[in-house]
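So the sequences go chain by chain: R and G.
Take 1 as the starting number for the first sequence in our numbering and just add one per residue.
Take 288 as the starting number for the second sequence in our numbering and just add one per residue.
It should be emphasised that the hints constitute simulated quantities derived from the structure, not laboratory data.
You can trust all of the hints, since none of them are fake.
Some chain G residues flagged as far from chain R (calculated, every beta-carbon gap over 10 Å):
(1) A355
(2) T359
(3) L417
(4) D443
(5) D445
(6) L463
(7) P467
(8) A468
(9) L470
(10) V474
(11) P497
To be clear about the criterion: a stretch of chain G counts as covered by chain R if any three or more of its residues have a C-beta under 8 Å from a C-beta of chain R, and this derived list gives those stretches:
(12) 304-310
(13) 371-382
(14) 396-410
(15) 483-490
(16) 499-511
Where is the CB? At the ideal position from N, CA and C, for every residue including glycine.
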Amino acid sequence: MTARRLGLLSLPLLWTAVFVIVPLLLILKISFAEAQLAQPPYTPLFQDGALAASLINYSLLLEDVLYLRAVSNSLLYAGLATLCCLIIGLAIARAVTQAPRGWQPLLLTLIILPFWTSFLIRVYAWIALLKPEGLINAALLWLGVIDAPLIMVNTGFGVVLGMTYSYLPFAILPIYASLAGQSPRLTEAAIDLGATPIRAFWLVTVPLARPGILAAGLMVFIPMAGEFVIPDLLGGSATIMLGQTLWTEFFSNRDWPLASALAVVLTLLLLVPAMTLQRLELGKASR
Amino acid sequence: MKLSRVNIATLAFGLAFLYLPILLVVVFSFNASKLVTVWGGFSLHWYRVLFSSSAYLEAALHSLQIGAAAATLATLVGTLGALAFTRLGRFPGRQVLAGLMLAPMVLPEVILGVATLLLFVSLDIERGLLTVMFTHATLGAAFVLVIVQAKLVGLDPDLEAAARDLGAGPVRAFLLVTVPALLPALVAGWLLAFTLSLDDVVLASFVNGPGATTLPVRVYSAVRLGVSPEINAISTLLIALVSVFVIAASLLYKRTIVSRN
Numbered sequence: 001m002t003a004r005r006l007g008l009l010s011l012p013l014l015w016t017a018v019f020v021i022v023p024l025l026l027i028l029k030i031s032f033a034e035a036q037l038a039q040p041p042y043t044p045l046f047q048d049g050a051l052a053a054s055l056i057n058y059s060l061l062l063e064d065v066l067y068l069r070a071v072s073n074s075l076l077y078a079g080l081a082t083l084c085c086l087i088i089g090l091a092i093a094r095a096v097t098q099a100p101r102g103w104q105p106l107l108l109t110l111i112i113l114p115f116w117t118s119f120l121i122r123v124y125a126w127i128a129l130l131k132p133e134g135l136i137n138a139a140l141l142w143l144g145v146i147d148a149p150l151i152m153v154n155t156g157f158g159v160v161l162g163m164t165y166s167y168l169p170f171a172i173l174p175i176y177a178s179l180a181g182q183s184p185r186l187t188e189a190a191i192d193l194g195a196t197p198i199r200a201f202w203l204v205t206v207p208l209a210r211p212g213i214l215a216a217g218l219m220v221f222i223p224m225a226g227e228f229v230i231p232d233l234l235g236g237s238a239t240i241m242l243g244q245t246l247w248t249e250f251f252s253n254r255d256w257p258l259a260s261a262l263a264v265v266l267t268l269l270l271l272v273p274a275m276t277l278q279r280l281e282l283g284k285a286s287r
Numbered sequence: 288m289k290l291s292r293v294n295i296a297t298l299a300f301g302l303a304f305l306y307l308p309i310l311l312v313v314v315f316s317f318n319a320s321k322l323v324t325v326w327g328g329f330s331l332h333w334y335r336v337l338f339s340s341s342a343y344l345e346a347a348l349h350s351l352q353i354g355a356a357a358a359t360l361a362t363l364v365g366t367l368g369a370l371a372f373t374r375l376g377r378f379p380g381r382q383v384l385a386g387l388m389l390a391p392m393v394l395p396e397v398i399l400g401v402a403t404l405l406l407f408v409s410l411d412i413e414r415g416l417l418t419v420m421f422t423h424a425t426l427g428a429a430f431v432l433v434i435v436q437a438k439l440v441g442l443d444p445d446l447e448a449a450a451r452d453l454g455a456g457p458v459r460a461f462l463l464v465t466v467p468a469l470l471p472a473l474v475a476g477w478l479l480a481f482t483l484s485l486d487d488v489v490l491a492s493f494v495n496g497p498g499a500t501t502l503p504v505r506v507y508s509a510v511r512l513g514v515s516p517e518i519n520a521i522s523t524l525l526i527a528l529v530s531v532f533v534i535a536a537s538l539l540y541k542r543t544i545v546s547r548n
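Looking at chain R on its own, in the form it has when it is part of the complex (with noise of 0.2 Å):
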């Protein structure tokens, strides 16, 4: 039993180890270090045997505001964006479970399929839409809707819509499935009551499905909050969120111990959300 069980941990284990927990502890000690210019580009942290930490920048993102910015900017959109996965999921993820039962799965096939294909084309594609010149405002203007284009890219309102996009499935799939799960009779007795359907899909429907719904917002929330490729791709620069600051910090001043400072606010920052999310997962999992 106890070889069994060194046979099957070993490999995990110290991949684990290699990959994940060495770097993380690597990022923490970096972001005591300050930047220099050298191979590599920081300073060790002993120093002729004595510990040569530095505080300097967490208290640089602390003073400074666009780094805080970047936190609320983060936040915000996020936030938004996770509101608008839960309200567009909810409302699908409802009609896939009013579908006969036979179309269900195919629907659902059908949803999770763009999650498939490419998510840098996916974001690429509403760039083609969205821009001054772009197809919407063409349409648009060609209606007579509006006099002159929109201005919907390098926008908080782009960011928004692009992450939207991007993570809506995610969003889906656990709403279903805790929507899946429930007798339709809850609702038919909320009705029979006098409820009506939309009264008895906010009071029974919506409070049953919860950890499904809490399980959702979190999945995309996390990843949206340190998105990069949606913002620098959809946003401008008054939109700079948390992921794209670490990169400029990181590739264009070659500051990496500023950049860990950030992974390791970033990491703090969503410690709680991903916690809740996998003691949500897990408990799942050992049902």
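Based on the hints, put chain G in the right spot on chain R.
Structure of chain G alone, referenced to chain R:
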């Protein structure tokens, strides 16, 4: 149950929202005009441009190599992890290990990207195709773990015990009973890990080196410069490739279920 009008409208709008943008990319990849909003007639011009560009072809080859290797490694690590978590009962540190193994799935990509890059730099490992492959395998393993574990939980452990009773050794019983039952999950996990690798921009940007550019990284730098018909063409090819994969996988999955029943 019949669908009400509201539900039909919701589904129609939902599916249109999900599919129209992709469809437009495909349609405009056959556009003769260089303008993205004006239809200038059907043409395969942009595909010709694409296939004469060695940079794209080389990047595509890199992506396929990395994807296949990373998916295979991820399936191995993730499956072993899933077996450990479902078969070994409780052992000290189980929750923590599970949390850390799933962390790459939950953490934003920028964090995993910086973290693994710092690992390779501090070990003085030169960045290239291999470093991208290992990083992608780490991400894929978390997803494989979830998929295989879900399948293992639903699997009756008595089946393997019965095989043992009938004289099979532990390895034989595992290979002849458990592995075939897990096969759909293994295939699904491999495909998911492969697609994740084929799709990744962020991790690859951090850990790749000169001469190890992957297709998404190449496409990304082109997209940053603006919309172009060339990117529409390459997107269409990728969509076609993935569709073939997904349809094949779902047919395979269905067949294994049907043959079992």
